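K.L.:
Chain residues, written in single-letter form:
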Amino acid sequence: MNQENMQEEKSFWEKLLAIDRRIIFLFIIVAIALPLFFKVSMRIPVTPVAEGTYQAIENLPAGSKVLASFDYDPGSMPELQPMAEAFFRHAFRNDLKVVIMGLWPQGPLQANIALEEVFQDEDVKAKNLQYGVDYVNLGFTAGNEVVIDRMGHSFEESYPRDGQGTPLSEIPLMRGVRNYDNVDLIFNLSAGYPGTQEWVQYAVDVFHVKLAAGNTAVQAPAMYPYVQTGQLSGVLGGMKGGAEYETLLGIPGRAVRYMFSQAIAHAVICLFIIIGNLAFFSMRKRRAS
Amino acid sequence: MRREVPLVLTAIVGLTMIVSHFIPPFNILKDLFEDWFFIIAAFAIYLGVLNLLRVNADKLYKKKPDAPFGLVVILGFLLITIPGLFFSGGRSFSDPGTPFYYLYIHVYYPLSATMFALLAFFVASASYRAFRARNVEATMLLVAAFILMLGRVPIGDWMTAWLPEGYRLGEWADWIMDFPQTAGQKAIMIGIALGVVSSALRVILGLERAYMGGE
Amino acid sequence: MPEEEMRRIQPKFFRSRSALAWLIFPLVLLLSLAPLSSEAQETPGAEIDSVRQAEAMSPAPPDNVQAEDNPNDKGGIINISWERSADDGAGVNNVIGYEILRSAEMDGIYEHIGGAAPGATFFSDSDVKNKVNYFYKVRAISRLDTSESLPSAAAFSRVQLFDLSRLTLFILAVIIALAIFYFISKARGGKELYIRKIAGLEAVDDAVGRATEMGRKIFYIPGIMDMDSMQTIAGVTILGRVAKLVAEYEAKLEVPVSRSLVMVTCREMVKEAYLNAGRPDAYNDNMVYYLTDDQFGYAAALDGLFLREKPAAVFLQGQFYAESLILAETANSVGAIQIAGTAMPSQLPFFVAACDYTLIGEELFAASAYLSKDPKLLGSLKGQDVGKFIFLLVILVGVVFLTLNSVLDINLPNLATIF
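Protein chains in written order, with the numbering used here: chain S, 1 to 289; chain L, 1001 to 1215; chain H, 2001 to 2419.
Isolated chain S (complex conformation) (with noise of 0.2 Å):
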């Protein structure tokens, strides 16, 4: 091999490794859209965390209450958003009744988003669920971890009414509700602060309550020295969470048919790696030799 073939091996090497990352971004564009457009159904391999959130749902009996917190903003939404109507859907299916509340300002608003997107399902609509009678929405309250520890004294020191105004007395669903002691579970869907980590310190450490949550992708890593201290129920990670969630519920959703969508990506991005080590390896050769 001549000087000249080396050099030219040698820049093409040099040019990998110093790649225009929008050539990496047009890879990932395209990796992520395509599949959009196959229905191609795999199969999802549930982990026990996501399991411990959905059994502490389901073995809840018929009639029990739910505490929701919806702690995240538009910008989680598509890792959360179908946690949260995987959430509602198993609710209503087993008879639970639902007070959603939201630590962070859109939390509600994300709630009511969802929950619009449930009731077209047939048997949610077969339900007649009534607003006050088995879900309501206390809204929003400024104050972060201070209106979790609040609220386990009492709920109405810190949402006196709900998000339209009407006060927690005049309503049928929280007739009896105090504070956690009267709710048999609560369930946190966050996306950063506050969220999972508060509601763990400041309601499971101070008044042992049931906690069940999911998060995104990059925060739920950091759950699960919660769940091996049995703190937390269980964690749903980001979109793979939200579709282990479908699929233990049997109704596959907007998480099942992304992931083909994630799991093409992910590959786009190992072989991305392995180039680049490639490319590194062969400069490193060079070097030496």
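If you're looking for bench data, these hints aren't it; they were derived computationally from the structure.
Incorrect hints may appear among the rest.
As the list claims (entries may be wrong) - Dumping the calculated DSS-like pairs for lysine-lysine here, alpha-carbon to alpha-carbon at most 25 Å:
| no. | chain 1 | residue 1 | chain 2 | residue 2 |
| --- | --- | --- | --- | --- |
| 1 | L | Lys-1059 | H | Lys-2252 |
| 2 | H | Lys-2186 | H | Lys-2388 |
| 3 | L | Lys-1063 | H | Lys-2310 |
| 4 | H | Lys-2376 | H | Lys-2388 |
| 5 | H | Lys-2131 | L | Lys-1030 |
| 6 | H | Lys-2271 | L | Lys-1059 |
| 7 | H | Lys-2310 | L | Lys-1059 |
| 8 | H | Lys-2388 | L | Lys-1186 |
| 9 | H | Lys-2310 | S | Lys-15 |
| 10 | H | Lys-2310 | L | Lys-1064 |
| 11 | H | Lys-2074 | H | Lys-2129 |
| 12 | H | Lys-2252 | H | Lys-2271 |
| 13 | H | Lys-2074 | L | Lys-1030 |
| 14 | S | Lys-210 | L | Lys-1186 |
| 15 | H | Lys-2129 | L | Lys-1030 |
| 16 | H | Lys-2186 | H | Lys-2373 |
| 17 | H | Lys-2252 | H | Lys-2191 |
| 18 | L | Lys-1062 | H | Lys-2310 |
| 19 | L | Lys-1186 | H | Lys-2197 |
| 20 | S | Lys-15 | S | Lys-65 |
| 21 | H | Lys-2388 | H | Lys-2373 |
| 22 | H | Lys-2310 | H | Lys-2197 |
| 23 | L | Lys-1063 | H | Lys-2376 |
| 24 | H | Lys-2373 | H | Lys-2191 |
| 25 | L | Lys-1062 | H | Lys-2252 |
| 26 | L | Lys-1064 | H | Lys-2252 |
Unchecked claim - If you want a taste of the chain H side facing chain L, the calculated C-beta under 8 Å gives, among others:
| no. | residue |
| --- | --- |
| 27 | Thr-2168 |
| 28 | Ile-2175 |
| 29 | Ile-2176 |
| 30 | Met-2230 |
| 31 | Tyr-2290 |
| 32 | Leu-2325 |
| 33 | Ala-2354 |
| 34 | Lys-2373 |
| 35 | Leu-2377 |
| 36 | Leu-2381 |
Claimed, not checked - Covered, in the sense of this in silico footprint (three residues per stretch, anywhere, with C-beta under 8 Å from a C-beta of chain L), are these stretches of chain H:
| no. | stretch |
| --- | --- |
| 37 | 2157-2163 |
| 38 | 2258-2272 |
Given the structure is predicted, the values throughout are model-derived calculations rather than measurements.
Using N, Cα and C, we set each Cβ at its ideal position, and we do this for glycine too.
For this one, chain S is given, so just place chains L and H on it according to the hints.
P.N.:
Using the frame of chain S, we list chains L and H on its own:
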């Protein structure tokens, strides 16, 4: 006095918050201080908003190179604030059917989701740059990243379906998440908690004054 | 028989006409009652059935109602527990809920204070006055009827001066605090304390120098949280040191922030830093400005600034969330040197992968001490290490105990339950 008063206030409030964690009767003061903080933070938003409008109006007035961006900021601010304050039709401003809700669903919602979605692209470019087998530790990181990226999606189990159960990529990924990852998280959390304790003690006792603008 | 003889042989009772009446009357009464008894005879157990019917409509009452003061609080709360009704769970008299009743006297009037779902065995009454006796009953409700338990013994709430459930934490906190004070006093006494090198902090000078040479700006991002976060305080503290260097090097600094209170604090910090560097004339309030509280709005604004201004150095020091990688990658794309620092475990991998230097976790809190070389602050770092040593020891001993328990099947204590 300019330095002493804030230091004394910091010490009183900080010690009260710590003591209230162990001595229940102090919870009344703790609740009071927490409420004060939220009230102050809520009013402080006006400082920020006024500053935002002033800085961007200044860009427009002085015709600076990024003046068009200043115009976008001011128009965007007015577009959300005016419908939210004045056009709720007697209902809560964020109820479905209000102009604010319309803007929330059709403007804020897709913009916010798009910004988060950008992470997918940046993860790819960062992975390409960062995951190089430079040494033993970097190689271990690389191998773990591979296992997790493929094991956390169905493609990993599909690729290793021929292996006996318990040895497939998904199970390896679960093992990494349950043990090494969790151990690392716990270790970092313990270190951070101790750092917070030490840092907080320094602030409460007035040893650390730099955040007040002093040495 | 003559009447006299009849009188002689008849008992006296039967000798009078009134006696005869006494005999006839009960007979008539018995005869008149006969139909009733014959009716009873005709439908045997009817009376018993109606009693049974009344009993069947009422659920079994809850049992063993206990009321006691809620421990480790400032008073005002009494916890009530009970054993579920035998009819809780199924059957004709299935319990559909419980009502909790309270009275100030055992035999007084009980008022309804709250409810509980079927299956519940616990209720917390948080509307009581301290040192006042209360009695409680629990009423089981079925679709047809209710039944009440016997009243509980008297209970009263009181203030606990110390939360005993946090005793272990208190002891640990005291040990760590004492260690910190000890090493601070040692450092004040002139003892040299060894602190390992932190590469990210050693690179601050180089980063500022690079920006000066290139004539480009330095951006300092103190995180997206407010002043109630220790990470933000740590980030703002480091800003003071960096700002002083920037003033000395005569470079250009910009600090776009996400919170109003942080803006006010950072302005004070930077102003003071420029004053201490002898360059008050170079300071301008517009160096520190507010963008937005919204996470991704802030990230978008910063990205735009990075792409237009093309800074030479970007400091990302504080509490970050998902926007961390967006900021780091964008800054990398414009060729800026990046020194990041955060105590968010979920964001550390992104900073480590994308930035040139990263302060990991507690290194962020140590930065202020490290940069100032103040003995008091360095002493506090050593005290922190004592705490870490204690945790390491406890973890090691706990792991050994658990391993021996499972391998040798002995019964050493589980330290997790103690701590």
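K.L.:
State for each hint whether it applies.
P.N.:
Each hint, compared with the structure:
{"no.": "1", "hint": "Lys-1059/L x Lys-2252/H", "in the structure": "18 Å, holds"}
{"no.": "2", "hint": "Lys-2186/H x Lys-2388/H", "in the structure": "19 Å, holds"}
{"no.": "3", "hint": "Lys-1063/L x Lys-2310/H", "in the structure": "20 Å, holds"}
{"no.": "4", "hint": "Lys-2376/H x Lys-2388/H", "in the structure": "19 Å, holds"}
{"no.": "5", "hint": "Lys-2131/H x Lys-1030/L", "in the structure": "24 Å, holds"}
{"no.": "6", "hint": "Lys-2271/H x Lys-1059/L", "in the structure": "23 Å, holds"}
{"no.": "7", "hint": "Lys-2310/H x Lys-1059/L", "in the structure": "18 Å, holds"}
{"no.": "8", "hint": "Lys-2388/H x Lys-1186/L", "in the structure": "13 Å, holds"}
{"no.": "9", "hint": "Lys-2310/H x Lys-15/S", "in the structure": "23 Å, holds"}
{"no.": "10", "hint": "Lys-2310/H x Lys-1064/L", "in the structure": "16 Å, holds"}
{"no.": "11", "hint": "Lys-2074/H x Lys-2129/H", "in the structure": "11 Å, holds"}
{"no.": "12", "hint": "Lys-2252/H x Lys-2271/H", "in the structure": "14 Å, holds"}
{"no.": "13", "hint": "Lys-2074/H x Lys-1030/L", "in the structure": "12 Å, holds"}
{"no.": "14", "hint": "Lys-210/S x Lys-1186/L", "in the structure": "22 Å, holds"}
{"no.": "15", "hint": "Lys-2129/H x Lys-1030/L", "in the structure": "21 Å, holds"}
{"no.": "16", "hint": "Lys-2186/H x Lys-2373/H", "in the structure": "15 Å, holds"}
{"no.": "17", "hint": "Lys-2252/H x Lys-2191/H", "in the structure": "38 Å, violated"}
{"no.": "18", "hint": "Lys-1062/L x Lys-2310/H", "in the structure": "21 Å, holds"}
{"no.": "19", "hint": "Lys-1186/L x Lys-2197/H", "in the structure": "24 Å, holds"}
{"no.": "20", "hint": "Lys-15/S x Lys-65/S", "in the structure": "60 Å, violated"}
{"no.": "21", "hint": "Lys-2388/H x Lys-2373/H", "in the structure": "22 Å, holds"}
{"no.": "22", "hint": "Lys-2310/H x Lys-2197/H", "in the structure": "30 Å, violated"}
{"no.": "23", "hint": "Lys-1063/L x Lys-2376/H", "in the structure": "50 Å, violated"}
{"no.": "24", "hint": "Lys-2373/H x Lys-2191/H", "in the structure": "13 Å, holds"}
{"no.": "25", "hint": "Lys-1062/L x Lys-2252/H", "in the structure": "20 Å, holds"}
{"no.": "26", "hint": "Lys-1064/L x Lys-2252/H", "in the structure": "17 Å, holds"}
{"no.": "27", "hint": "Thr-2168", "in the structure": "11 Å, violated"}
{"no.": "28", "hint": "Ile-2175", "in the structure": "11 Å, violated"}
{"no.": "29", "hint": "Ile-2176", "in the structure": "6 Å, holds"}
{"no.": "30", "hint": "Met-2230", "in the structure": "5 Å, holds"}
{"no.": "31", "hint": "Tyr-2290", "in the structure": "4 Å, holds"}
{"no.": "32", "hint": "Leu-2325", "in the structure": "5 Å, holds"}
{"no.": "33", "hint": "Ala-2354", "in the structure": "5 Å, holds"}
{"no.": "34", "hint": "Lys-2373", "in the structure": "12 Å, violated"}
{"no.": "35", "hint": "Leu-2377", "in the structure": "6 Å, holds"}
{"no.": "36", "hint": "Leu-2381", "in the structure": "7 Å, holds"}
{"no.": "37", "hint": "2157-2163", "in the structure": "holds (count 5)"}
{"no.": "38", "hint": "2258-2272", "in the structure": "holds (count 10)"}
Checked against the numbered hints listed earlier, the structure breaks hints 17, 20, 22, 23, 27, 28, 34; every other hint is satisfied.
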